[in-house]
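Participant: Given only the sequences and the hints, what does the whole structure look like? Please build it.
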Amino acid sequence: MRVTIACPAHMIADANQLALCLGLGPDDAMTYGQPIWRDAEGNLYAVASATVPTGFAEAATAALSEPAWGADLEAAARAQAAILIGATATPDRLAASLAESPQDALAELGLALISEGA
Amino acid sequence: MLEMGLALSGAALRGPSWSPAALFRGGANGFWLDPGRIAGVWQDAAGTVPATAAGQPVGLISDLSGMGHDFAQGTSAARPTLQQDAGGRHYLQFDGVDDWLSTPSFAWGSDAVTIIAALARNQSVNLEDLAGQSANPPGNAGTWVLAATYDASSNTVGFASRGSGGSAPGRASTTLPGSRVVITGQGKVGTDTAIIRRNGVQVGSSSVDQGSGEFGSYPIFIGARGGTMRFFNGALYGLLAINRLLTAEELILAEGWAAARGGVAA
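Going line by line, the protein sequences match chains A and B. Heads up, the first sequence is in this note's numbering, so the first residue is 49 and it goes up one at a time. Heads up, the second sequence is in this note's numbering, so the first residue is 23 and it goes up one at a time.
Rather than coming from a laboratory, the hints here were simulated on the basis of the structure. The reader is advised that the hints may include incorrect statements.
[Said to hold, decoys possible] Restraint ranges, calculated between C-beta atoms of paired labels, are given here:
1) ALA110(A) - THR74(B): 20 to 30 Å
2) GLU114(A) - SER201(B): 26 to 36 Å
3) GLN145(B) - GLY90(A): 18 to 28 Å
Even glycine gets a Cβ: it sits at the ideal position worked out from N, Cα and C.
Facilitator: What follows is the structure, encoded as structure tokens:
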């Protein structure tokens, strides 16, 4: 199963704390990188997309515990509360798509790359 | 027809025993990645959990050149995926969103590069880097880059390089009909060489002054520019880069190897 999550730019720090709690190591604090995606209104997002094991959805909504490598549980909880599956991206939530194709997921989320020079 | 003929010539010259290892026996620097040798493909960045089946994440792929330039990804969601095509060939699938791998920084050790990739590109709408030195090639001095989508408006792949001593990068690009291809980039600062080859044929070049000096000491990124942008959406079947210009015969052999890895000459 693949999960693709759009994280509004102002929520990146919190979302990376949630990624630490759900991930496999301290490097998961960099799951959400540069906000290079935008919605139709021009709001910016970082996007993470990955295949995840069965049971990920349950784990992502269960009570959080601090991993061995540490995490800010309050920040992680704020991010967790903002997750909404099957929604388009908006600046007030972490919109998640379960589409198998990352490009289909981006379309569902309503996101496009910000333009850049060659 | 001509391109396929040259690729087949490479297969005929190569013979069953040739591998890119032959290019590195003289101590040349570079790297050689082959997802088909899954004994060197790992799910975690530390290289402790082997990748054994399609669909598994790839946190590390070992450099087969003997130079030790393994490519790794510590962030779970940013790992490409091991996949296998209908012909049984393993490849790394990059999702075009956040997948990339990199080496630690190392000194390239010369002003020359030959980079050869077997790839299948899924799109040509967004700019994409396949492999490059540093977080911003060729903007940073002393760097090279092979772009899977070099100019989205004209559907091209491209190569660029520049020396450490100022000047502008030499850029060479070509259109990319279809998606599965062997692309070669060759650069040499001292001779202002920038060449792009497609399926064994030179299809573009530049003689723009690339300045002076060697390529620098940087990490190498594959799948994105600096791990932050120009994410590659496609399949990587094989990749080798070496810090010299290959001879004509070596090019045929190495491009033949890549064509076989990607099923391009079949």
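Participant: Now, for every hint given, state plainly whether the structure supports it.
Facilitator: Against the structure, the hints come out as follows:
1. ALA110(A) - THR74(B): 20 to 30 Å: Taking Cβ atoms as reference, ALA110(A) and THR74(B) lie about 29 Å apart, which means the hint holds.
2. GLU114(A) - SER201(B): 26 to 36 Å: With Cβ atoms ~45 Å apart, the hint is violated.
3. GLN145(B) - GLY90(A): 18 to 28 Å: holds (23 Å)
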